[in-house]
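S.K.: Below are the chains, spelled out letter by letter.
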Amino acid sequence: PPAWDRAGRPLPSPLQPPGIPLAPCRSFSNNKIQVELDESSGIAMMKFKSPPVNSLSLEFLTEFSIGLEKLENNRACRGVIITSALPKIFSSGLDITEMCGKSVEHYAEFWRAVQEMWLRLYGSNMVTVAAVNGSSPAGGCLVALSCDYRIMAENPKFSIGLNEAQLGIVAPFWFKDTFVSTVGHRIAERSLQLGSLHPAPEAHRLGLVDELVPEEKLMEKAAAVMAQWLALPDHARQLTKTMMRKAVLDRLVAHREEDIKNFITFVSKESIQKSLRMYMEMLKKKK
Amino acid sequence: PPAWDRAGRPLPSPLQPPGIPLAPCRSFSNNKIQVELDESSGIAMMKFKSPPVNSLSLEFLTEFSIGLEKLENNRACRGVIITSALPKIFSSGLDITEMCGKSVEHYAEFWRAVQEMWLRLYGSNMVTVAAVNGSSPAGGCLVALSCDYRIMAENPKFSIGLNEAQLGIVAPFWFKDTFVSTVGHRIAERSLQLGSLHPAPEAHRLGLVDELVPEEKLMEKAAAVMAQWLALPDHARQLTKTMMRKAVLDRLVAHREEDIKNFITFVSKESIQKSLRMYMEMLKKKK
Amino acid sequence: PPAWDRAGRPLPSPLQPPGIPLAPCRSFSNNKIQVELDESSGIAMMKFKSPPVNSLSLEFLTEFSIGLEKLENNRACRGVIITSALPKIFSSGLDITEMCGKSVEHYAEFWRAVQEMWLRLYGSNMVTVAAVNGSSPAGGCLVALSCDYRIMAENPKFSIGLNEAQLGIVAPFWFKDTFVSTVGHRIAERSLQLGSLHPAPEAHRLGLVDELVPEEKLMEKAAAVMAQWLALPDHARQLTKTMMRKAVLDRLVAHREEDIKNFITFVSKESIQKSLRMYMEMLKKKK
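Chains as they are written, first to last, in this note's numbering: chain Z, 16 to 302; chain L, 16 to 302; chain Y, 16 to 302.
Next up, chain Z with everything else stripped away, as it sits in the complex (with noise of 0.2 angstroms):
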């Protein structure tokens, strides 16, 4: 478990991107993700960093949300923002290996923990600024989708989508509500069934990211757009915040089991494997 609720090292860390002046700050290496709290500014930073791609694991997804709910629980943090520690990949999304060949336990506790992420994310209080410095698809997309903000590097070489359908499976509903809240209906209709990875330009023409600049100057316009949000005060922005999101978050809260299930039914399915053996023999193959 992560240490650095209780004792904070104000040691300035490595990978500091340069342009946010952060002031003394509790600095916190666990196994995943690096997370560093500006006590003053009220800002954090949580970095991803696990190679070779971030994807998603069970313990990373554990990581994310223990490291959520700290922060979440601090008073003196405010906003997060959300990138990755590695060179070109934001986050791989779902990582193939929980999905198969594993126990039916195994996949309810891994679906449980997509669920959980999405729902801490998505719901935050804090405002979620995602710094998306290389390629998002699948998971990793919807990660991105639940900040606040989205800021993405101008490289047209990084891509970001639900590509679910390109590997034979679904997104769930609740990737699907919010990707349509995020784009509208008729991108989401056309992009889910395509499966499609956007490049960074286009997925900044449909919305999918709010924003694009140089790789160099993410890390400074994620603060000036935290600053920029944490203008408001904390609790009217928050409650309006719920009023955009509640409906969409209390239908997964709603069928929460249900969800887990038809994962569980659609994981287990032989040509569902076979599928995604495929892909992951594709993918050490373009290593």
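The set of hints was computed from the structure by calculation and includes no laboratory data. Mixed in with the good hints there might be a few duds.
[Said to hold, decoys possible] Selected chain Y positions facing chain L (in silico; Cβ < 7 angstroms):
hint: 1; residue: Val185
hint: 2; residue: Lys191
hint: 3; residue: Gln208
Glycine residues also receive a C-beta, built at the ideal position from the N, C-alpha and C atoms.
Starting from the structure of chain Z, add chains L and Y where the hints point.
M.R.: Only chains L and Y this time, still in chain Z's reference frame:
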């Protein structure tokens, strides 16, 4: 109570804008809103003239609702153009003095009047065109959003938006619903959380207003748009409008008393009273 | 009844457009719709050929639904391109003669056929691409909107829209739902109330069609788009499509009989009959 639906005076109003050839018409001078109905064209003009900033006081709202009701029931009237007789301001929104240091009964009466105005305007069978000739924050923006079409003077000093969050308060769910129906979920989510006031060009880009024209062309354009909408058979247009707006209207109707209670609870909080007093102080100093 | 699902004739159709290399295929000539299925590619072509304007008569709709059902049940078919064999017109929409001076029983049968067509097309498991090679008002627009992708000839003389309000009638709620899902609430609200027919460039700007191409490139483009959609695994794509469209489909299924009753009540009104007769007179004079 206004006399204009019984004994009209065919005198041309001194406030009549150039470009709309109003034939002999019924002109009615009330306390806070000037209403003129040109029976030959079926077009009424409502001009807010409540200095200094057309704020939506209980008295203003009552007069507005009664005016709308009279026009609605007048078979000679098919459309209304809503604009301001004051320079630089369309309407500053809800009158904060009605929400500060008053009794619970007063809060209830005030909030019911806000609801009543919106139910009449958003659900009007008439064609409603907002000629937004000045800034239009909060409740002023709601008035514009509730019309069928919004034309704004292209002056970038004029801004429009639901900026409640800036004041530490929260737009009620039906303000939000009206906003989302106009600009979509994502733009609303961001704009409401930031309490953004969008300069006219940005408001146009976001779809918050339908068209920008030079200020001197505003009334001419409003008349042209009105003519376009009135070219349709009333019955089919009205049924179509109802089909589009009924769900949102019904939602307030179903939760009206609860919404009043929520408002009273919220506005009675000492923290909110303090926010509102601070805001009023700031406005006074601005002058 | 069409014979094409039992005994196909591999003759190349004279209507076959250039640019789609259709291998030996099954071609079926029906009364009002020409259907060709290329079993090697899994792509069918449905060509409306019911002069003068491909209006959706009871007979046309019945043939259309049966044609869709047969293709749907044919495992060799994965996608359908829908286009017109007539110049300048895709489809003029519902056949007004079916709504004028007929019996209540006829109205019911006709309306059920309209519903049936939409339920089959909007809910199709196949990839459906509309190659809109002419104007497409009212029900013609609905056909296009119900496909997965719309490509329109970029001729500004061709227009598309749900213009029912112009005729003094109202688009049913499921026409509206389909429209809103495509272009969003605000554009739909305005366009439906005005009964707008949007010239191709405007239709593209509003998102009513996905792409414009020169008329001579239309079929080539449709084939390319179809290939892109068919590159996805059918199962994942179909489940995703269902996820996006089920709520709107279910709404009609749940209210189908009520919707038929509403149509009968509406169309039986003398005022509506008069509007429709006037419209038909106008159309006759136009010729």
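S.K.: Now look at each hint and say whether the structure bears it out.
M.R.: Here is what the structure says about each hint:
no.: 1; hint: Val185; result: holds (5 angstroms)
no.: 2; hint: Lys191; result: holds (6 angstroms)
no.: 3; hint: Gln208; result: holds (5 angstroms)
Hint violations for this structure: none, all hints satisfied.
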